[in-house]
Amino acid sequence: MIGGSVVVIGNGMVGQRFVDALRSRDPDGRWRVTVLAEENRPAYDRVRLSAYFDGVSADELNLHTPYDGVRLRLGEPVTGVDRVRRLVTTAAGEYPYDVLVLATGSSAFVPPVDGATLPGVFVYRTLDDLTAIREHARGRRTGAVIGGGLLGLEAANALRLLGLTTSVVEFAPRLMPVQVDTAGAAMLRRYVEELGVTCHLGVATTAVRPGPDGTAGALELADGTLLDADLVVVAAGIRPRDELARAAGLGVGPRGGVLVDDTGRSSDDRIYAVGECAAVDGTCYGLVAPGYAMAEVVADRLVGGAATFPGADTATKLKLLGVDVASFGDAHGTTPGCLDVTWTDPATRVYAKLVLSDDATTLLGGVLVGDAAAYPTLRASVGGPLPAAPLALLAPAGSGAAAAGALPASAQVCSCNGVTRQDVDTAIAGGCADVPALKACTRAGTSCGSCVPMLKQLLDAAGVVQSRALCEHFDVSRQELFDIVRVHGIRTFSRLIAEHGRGRGCDICKPVVASILASLGGGHILDGELASLQDTNDHFLANLQRDGSYSVVPRIPGGEITPEKLIVIGEVARDFQLYTKITGGQRIDLFGARVDQLPQIWRRLVDAGFESGHAYGKALRTVKSCVGSTWCRYGVQDSVGLAIALELRYRGLRAPHKIKSAVSGCARECAEARSKDFGIIATETGWNLYLGGNGGFRPRHADLFATDLSTSELVTLIDRFLMFYVRTADRLQRTAAWIEAMEGGLDHLRSVIVDDSLGLCAELDAAMARHVASYSDEWRDVLDDPDRLRRFTSFVNAPDVPDPSITFVTERGQPVPVGGRSPSPDGRQPVTLGLPEVRR
Amino acid sequence: MSTTTTLHWHTVCPLTRLDLDRGVAALVDGMQVALFRTADGLYAIDNRDPVTGAYVLSRGIVGSRQGVPTVASPLHKQVYDLRTGDCLDLPGVAVTRHEIRCREGLVEVRLRQEE
Chain A
1 MIGGSVVVIG
11 NGMVGQRFVD
21 ALRSRDPDGR
31 WRVTVLAEEN
41 RPAYDRVRLS
51 AYFDGVSADE
61 LNLHTPYDGV
71 RLRLGEPVTG
81 VDRVRRLVTT
91 AAGEYPYDVL
101 VLATGSSAFV
111 PPVDGATLPG
121 VFVYRTLDDL
131 TAIREHARGR
141 RTGAVIGGGL
151 LGLEAANALR
161 LLGLTTSVVE
171 FAPRLMPVQV
181 DTAGAAMLRR
191 YVEELGVTCH
201 LGVATTAVRP
211 GPDGTAGALE
221 LADGTLLDAD
231 LVVVAAGIRP
241 RDELARAAGL
251 GVGPRGGVLV
261 DDTGRSSDDR
271 IYAVGECAAV
281 DGTCYGLVAP
291 GYAMAEVVAD
301 RLVGGAATFP
311 GADTATKLKL
321 LGVDVASFGD
331 AHGTTPGCLD
341 VTWTDPATRV
351 YAKLVLSDDA
361 TTLLGGVLVG
371 DAAAYPTLRA
381 SVGGPLPAAP
391 LALLAPAGSG
401 AAAAGALPAS
411 AQVCSCNGVT
421 RQDVDTAIAG
431 GCADVPALKA
441 CTRAGTSCGS
451 CVPMLKQLLD
461 AAGVVQSRAL
471 CEHFDVSRQE
481 LFDIVRVHGI
491 RTFSRLIAEH
501 GRGRGCDICK
511 PVVASILASL
521 GGGHILDGEL
531 ASLQDTNDHF
541 LANLQRDGSY
551 SVVPRIPGGE
561 ITPEKLIVIG
571 EVARDFQLYT
581 KITGGQRIDL
591 FGARVDQLPQ
601 IWRRLVDAGF
611 ESGHAYGKAL
621 RTVKSCVGST
631 WCRYGVQDSV
641 GLAIALELRY
651 RGLRAPHKIK
661 SAVSGCAREC
671 AEARSKDFGI
681 IATETGWNLY
691 LGGNGGFRPR
701 HADLFATDLS
711 TSELVTLIDR
721 FLMFYVRTAD
731 RLQRTAAWIE
741 AMEGGLDHLR
751 SVIVDDSLGL
761 CAELDAAMAR
771 HVASYSDEWR
781 DVLDDPDRLR
791 RFTSFVNAPD
801 VPDPSITFVT
811 ERGQPVPVGG
821 RSPSPDGRQP
831 VTLGLPEVRR
Chain B
1 MSTTTTLHWH
11 TVCPLTRLDL
21 DRGVAALVDG
31 MQVALFRTAD
41 GLYAIDNRDP
51 VTGAYVLSRG
61 IVGSRQGVPT
71 VASPLHKQVY
81 DLRTGDCLDL
91 PGVAVTRHEI
101 RCREGLVEVR
111 LRQEE
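Heads up: the sequence lines are chains A and B, in that order.
Quick note on the UniProt record's numbering: the first sequence kicks off at 1 and runs consecutively.
Quick note on the UniProt record's numbering: the second sequence kicks off at 1 and runs consecutively.
No wet-lab data here; the hints were simulated from the structure.
Because the structure is a prediction, the values reported are computed rather than measured.
For each residue, glycine too, the CB sits at the ideal point set by N, CA and C.
Careful, some of the hints might be misleading.
[What the hints assert, rightly or not] If you want a taste of the chain A side facing chain B, the calculated C-beta under 8 Å gives, among others:
#	residue
1	Arg-443
2	Arg-468
3	Glu-472
4	His-500
5	Gly-505
6	Asn-543
7	Asp-547
8	Arg-668
9	Thr-683
10	Gly-686
11	Phe-792
12	Asn-797
13	Ala-798
14	Asp-800
15	Val-801
16	Asp-803
[Stated by the list, open to error] If you anchor each label on the Cβ, the simulated ranges turn out as follows:
#	chain 1	residue 1	chain 2	residue 2	range
17	A	Pro-799	B	Gly-67	54 to 64 Å
18	A	Arg-71	B	Asp-89	51 to 61 Å
19	B	Asp-89	A	Ala-312	45 to 55 Å
20	B	Cys-102	A	Pro-699	47 to 57 Å
21	B	Trp-9	A	Pro-802	21 to 31 Å
22	A	Pro-802	B	Arg-101	56 to 66 Å
23	A	Val-476	B	Arg-101	23 to 33 Å
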């Protein structure tokens, strides 16, 4: 039977994945889907639950996609399953099914201790739990977490962020007992305690004692210790939600969970179970990746496929309280006769262990704490020969090309998308010559991204030279060129190309060098030889349009403008017969100006107090804003004031590509700050900073970088972010691509500009201070200089003749260029402008 | 189709009005011509970008490709050989080149026209 009615109980991550998987495999909609959810909100990313405390909103965690033919009933818990009549019952009604999928997940296990039901005792499973924790933490001082596993440490970090003095109590003698061995856990404990979280290990909690207000006040431990705890989180493990299955008489696993086979099918062949509620051949998995795999298997079966659950990769790599922790394969060395190789470095606080087969040839598993850079290579090597000598693998620089190159063809490089070494090598042989091409071709590295360094190494191992040459004139990248110019104090293109390049330059390297010289404080962009390097937009300080005319964009900082200035723009547009359009960056673009008109237009604008908007440059464009607390009844900060201050601070900064920004005065985000290179969103107490967003061909939301900053902290971070970008990005690389390409990504960026890991911050700060101090309006400087002004003629031998090829017709009351709209890309059929050739 | 050269040399401007490695546009006998001065000499081609029909080639960036002196259209960056007018990126596309020389500090142009 393919098609009919499928009822899904549960809309967690795995339940949603099942719906997504079924919809993509069943494009004709043969299966009608009903999803019954207990919670009042649709599926969200529970793995990133803690991000909620970092200022990430519930909306951003949303995973739910609406589909035709899928009915979602929120807040409707199922009360019973009638297998004979094939009906699911809720308080609201009955739902018949042909196939039933249980995706009920798990619940927190709460040990049966006195006081476990007191107000102030929470579990850490849902957004509602987190909201309640945040509410209760207000005004309280101390918190405790029962459970020192993965979730317990996440919860401890959350309590710490809420300002509570936090303790962790773990019954096992070490932290993260499931994933990490004794020595690794000891290293982890050092990191954790350094953050101010106290650990009580190897001791049971015997009771939660109430405080004076009747809510939780203290934890009583088996050793007699009494721990202050105004708020308690229980994270002592999970139990599969199998109560519906039990009541319906389905088989369950020895330790609970709906017993299913490797196709996800329960003891009733019309009922499947997926995710944490399922016990595949008796084993429950508390990770999302195996749950996703089960969801895919069941969806495949429903459309007649033959997929089976391949067994789970329980390898994990995560950042807990800022510490890298990874565990994979037989991490505890339970294989008979196995050998350990361990590495402990107290100075750098790195611990690593490899578990090898008894003949020391095969990697079985391992644990990494403090530095997980080798994780992708190691995880991919599990079950195969060691790709290098053990110590070479574990030493900090040990995950190099040699190691990746020795991986067997069957090694899984990207576990998120099931891509093997063989797949990558085939793609490389097929012509993929860089990481973006490999991503597009194989999907490797497109989910968590942890294998991206290995993709680079495999390219290296295949002998693919990833050329960094800017163009035929320079063999180095933009970043290297920047350093050459800076270190050698080179001020001219001719010296640079004579000493470090060849030929005469081109339309690629010349603007790059012009931008580098401008970033390093090279004076006016039209001075001397610099003028010949500029793209036509920079050369005429205006934007070339398709008919050869230019557009003009005066700066309107923050989008705030007086009526008088608006009137001036209107008058200028009217007098020069310019087409006017409001831009997305909250300013006004004036189109259709000839080069000889530009100085006259700008004379009027400068006299009225306008300055260049740099719309023509690879430079800061605008800092858009919403109206903020000045007017808006929801605003919590003065977003317009900040936007203007930032726009004035960074105006004129030349960069590898354009830079856009926005400031929103509250979490409603009306300024769309997350679509910007740097976006700022106001909080009750300060500003959240988001980095690396853009619109365009490949839209991307900016990532949260820092929270609740004061204005001066914010400005310092943006200063460094921009200067580091200006120095190190490739040509025409927006900030998003720059961060993505950076080894270590956002974390690396944070280490450079927050923790000063490269010792660069003072230099970046000084460079920005120089920029701010040396800013001068480019257009005013042109108008004041006859030598610069002489360029602005249409014809060198007829300065008074306007360019006759620029003519307009009127459309909707405004001038627009004459002629065709879509030039032929191959150039074989030039589009005529519909005006006579100027010939006698 | 044959190419003929008109007989007249037109004086355009003093050589000093041509910046090194940057073009200017001139009106010669009613035609728009793009003039360039590089370290190798003077070049003149039609100012009209044959791909878009806009009169912009004088505003392109001057450079070299494999030793050949070039200008790149400022609109869509196709590169032209300044010596021949041939487009190096699009086979079969070319702009007309014109004769150019410097006499006693003055730049002179003689048009070539396709007939």
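Item to check | Earlier hints that do not hold, by number | outcome: 1, 2, 4, 6, 8, 9, 10, 11, 14, 17, 22 and 23
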